[in-house]
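Peer 1: What follows is each chain in one-letter form.
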Amino acid sequence: MSAGQGAGPAGGGKWTVLRRREAVGPLEYTRRWWMRLTVGATFLMLYAPIILLVVYSFNDSRRNIVWRGFTFKYYEKAWNNESLIEAFVNSLAIAVVNTLVATILGVLVAIALWRFRFPGKAAYEGFMMLPIVIPEICMGVAMMAFFARVGWPTGLPWPLTLSNIMIAHIAFSFPFVAVTVRGRLVGFNRELEDASKDLGASEWQTMRYIVLPYLRPGIIAGALIAFTLSLDDFVITFFTAGPNSVTLPVKIFSMVRFSVTPEVNAASTVLIVITVIATVLAMRFQSPSRRAGGEEG
Amino acid sequence: MAEGLPIIRIKEVTKRFGQTVTAVDDVSLDIREGEFFALLGPSGCGKTTLLRMIAGFETPSEGQILIDGQDMSKVPPNRRPINMVFQSYAVFPHMTVADNVGYGLKVTNVPKAEIRERAEEALELVKLGGLGGRKPDQLSGGQRQRVALARALVKRPKVLLLDEPLSALDAKLREAMQLELVRLQHAVGITFVIVTHDQNEALSMANRIAVMEHGKVRQLAPPSELYEFPNCRFVADFIGKMNLFEGRVAGVSGEEVLVEVQGLGRFSLPGEGEASGEVGIAVRPEKVRLRREKPDEDMVAVHGKVSEVAYYGGSSFVYVTDDTGRTISVNQQNEARTAEPGVTIGDELWCAWKPRDSLLLRA
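From first to last, the protein sequence lines are chains A and B. Anchor point for the first sequence: position 89 equals 89 in this note's numbering, and the numbering is continuous, going up by one each time. Quick note: to get this note's numbering, add 297 to the position in the second sequence (first position is 1).
Source of the hints: derived by calculation from the structure; they are not laboratory data. Wrong hints could be hidden among the right ones.
[Unchecked claim] If you want a taste of the chain B side facing chain A, the calculated C-beta under 10 Å gives, among others: (1) Y400; (2) K403; (3) A445.
[Unchecked claim] List time: in silico DMTMM-like cross-link candidates among lysine to aspartate or glutamate, alpha-carbon distance up to 25 Å: (4) B/K409 to A/E193; (5) B/K651 to B/D620; (6) B/K403 to A/E203; (7) B/K432 to A/E191; (8) B/K469 to B/D434; (9) B/K403 to A/E193; (10) B/K455 to A/E191; (11) B/K409 to A/E203; (12) B/K455 to B/E418; (13) B/K455 to A/E203; (14) B/K538 to B/E525; (15) B/K455 to A/E193; (16) B/K584 to B/D619; (17) B/K403 to A/E191; (18) A/K121 to B/E355; (19) B/K371 to A/E193; (20) B/K371 to A/E191; (21) B/K432 to A/E193; (22) B/K371 to A/E203.
Bear in mind that the values here come from a model prediction, so they are computed numbers and not experimental data. For glycine and all other residues, C-beta sits at the position ideal for the given N, C-alpha and C.
With the hints as constraints, model all of the structure from the sequences given.
Peer 2: Encoded structure:
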């Protein structure tokens, strides 16, 4: 037995105090080294490529291999690339129309499923969710086959040439809106609806003044999800797009086939920024404090 | 406007849910103009369903509801001359207090200036003057309930329905709110119909109470009558505390019935009816006295041993187990500060009461 051990807790010397660590509690996952390692590796795998993509969009080099200094050149180049801008405008037009229609459809579906009991409701609810789970490639092929079968007209003036892509996007994105809005409806106190009617409001007034204001955060979040999904969709768009209706993701894909230039990086970065902003907004509107009813009217 | 006219007539109303559940079973009753009426009963007795049928949120399976002489069967909730205060208060969370109160006027196209005026008036009435700009999440539970009250009263309904309005408040606030509701009802002169499972609430506020069980009205009477003259074992047991004995009728003479109860012997009490059959004999704990010696012959008496003493401040409940194992509860007033309940567990004594203080229950 050494003297140091016999000195008691107070006289144990600063070395012992420094070296002694508090035991890791059973739920303190952040203090386990293997947990930190796994989390770190996951984040690295997820975000390193994206960070690299963004960084190299500022690279002053024709090839994306070696860093040759900072420049905005390729943003300028992308901006002056007419076909790229055209694809971007197409994407925005599709996303905006898709967001409007999918949001209205999704809200109507959510309210119908919450409000009414009808034969085949469970089956309908299941079928409505299908676009969320069906592999995108299958949706794409199905859409292509469908438009070919009905003989969807091609060569229409803009923006009608985008109509088939819009329809395809609406078909796969409105269930996301419905699911988001439905989630918000679960917390709705039905006595609010009764109270509104009891005070003399009609069915429509109740919808307009009570239910819809309550749903607002859910509707906005759903709309932003629909916008994001549409803006960056590649697979389904690729199968439904014609030669005159190229969207930004499809355009980027075709550019990459020749070479990965910083111009592609620049275009992708713009897409990422728009998507991230939309997602952050969607999350803010779905945050718990908003759900609790603390939102402003 | 004469008081006493029925403002609500419920005629042979039955409500079934599906094939098996009968929530309200052939109920007929009249609610008079200007009275404070209570529907009282344990949960699941159908009182809330009955209230929701009056409000129009449920349709009767059979029967008819008349409000102010008009058949309501084809009238939707938003066209009925009644308003309701909901159990959850259902204050609209995204509107200010003033907008909440004005909502019922806004949707019926009352001019804006009038809405503001009437909303302020209603908020004054429920003592929330000056809080019109607040949001519901800045209010306490009691204040939110006042908003719900103001919101309903601003519509100047013929009847105000209240669904368990006090159940979410703490005990002190509940008591204050009981008085407040009575004051409010006097002030506005509107018929109030309240649903409650709390007998104290009903007894202290209502002019008349309908006690419900299994979808049926067991008794409809003013509070004191309900307490002193319950017409069946259920009402006797549900309202207040009651000692119940099972006995049988031994004979009838005039206005008196001779009954025989095991352990209590034979005695006569006011009543009428058949000269035979099983009956319940009931006596309130505060009508029973404790005696050290065997009481006189003219008292009903039972011998037992004190099994428990519960002290409640103003009074004490003494539980006496008699020789056959029944427990009799006795309520003793603690009239002087120094006086103890006077009995301790294990004391052997007599419980005694006047025969006419006990009740004959045939149902």
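Peer 1: For every hint, state whether the structure bears it out.
Peer 2: Consistency of the hints with the structure:
1. Checking B/Y400 against chain A by beta carbon gives a least distance of about 6 Å; that is within 10 Å, so the hint holds.
2. A distance limit of 10 Å between C-beta atoms decides the matter here; for B/K403 the minimum to chain A is near 8 Å, and the interface restraint holds.
3. Here the hint on B/A445 is kept, as its CB sits about 8 Å from the closest CB of chain A, short of 10 Å.
4. Between the alpha carbons of B/K409 and A/E193 the distance comes to roughly 23 Å, so the proposed pair stays at or under 25 Å and holds.
5. Only pairs whose Cα atoms come within 25 Å are accepted, and B/K651 paired with B/D620 is accepted, the gap being roughly 20 Å.
6. Proximity of B/K403 to A/E203 is assessed by CA-CA distance (about 15 Å); at most 25 Å being required, the pair is judged to hold.
7. Note on B/K432 and A/E191: the hinted pairing holds, with a Cα-Cα distance of about 18 Å set against a maximum of 25 Å.
8. About 22 Å separates the Cα atoms of B/K469 and B/D434, which keeps this hinted pair within 25 Å; it holds.
9. With a C-alpha separation of about 16 Å, the suggested pair B/K403 and A/E193 falls inside the 25 Å cut-off, and the hint holds.
10. The hinted pair formed by B/K455 and A/E191 meets the criterion: a straight-line CA distance of about 21 Å does not exceed 25 Å.
11. Restraint check: the Cα-Cα separation between B/K409 and A/E203 comes to about 22 Å, which is no more than 25 Å; the hinted pair holds.
12. A C-alpha spacing of about 18 Å is found between B/K455 and B/E418, which places the hinted pair at or below 25 Å, so the restraint holds.
13. Our distance criterion of 25 Å between C-alpha atoms is met by B/K455 and A/E203, whose separation comes to about 23 Å.
14. Simply put, B/K538 and B/E525 have alpha-carbon atoms about 11 Å apart, close enough for the 25 Å limit, and the pair holds.
15. Pair hint B/K455 plus A/E193 holds up; C-alpha atoms about 22 Å apart against a cutoff of 25 Å.
16. As the CA atoms of B/K584 and B/D619 are separated by approximately 17 Å, the hinted pair is consistent with the 25 Å bound.
17. Taking the CA atoms of B/K403 and A/E191, the gap is near 19 Å; set against the 25 Å cutoff, the hint holds.
18. For the proposed pair A/K121 and B/E355, the alpha carbon gap of about 23 Å is at most 25 Å, so the pair holds.
19. With a C-alpha separation of about 20 Å, the suggested pairing of B/K371 with A/E193 holds against the 25 Å cut-off.
20. At most 25 Å may separate the alpha-carbon atoms for a hinted pair to count; B/K371 and A/E191 meet this at roughly 22 Å.
21. Only pairs whose Cα atoms come within 25 Å are accepted, and B/K432 paired with A/E193 is accepted, the gap being roughly 19 Å.
22. With a CA separation close to 16 Å, the supplied pair B/K371 and A/E203 stays within the 25 Å bound.
Of the numbered hints listed earlier, not one is contradicted by the structure.
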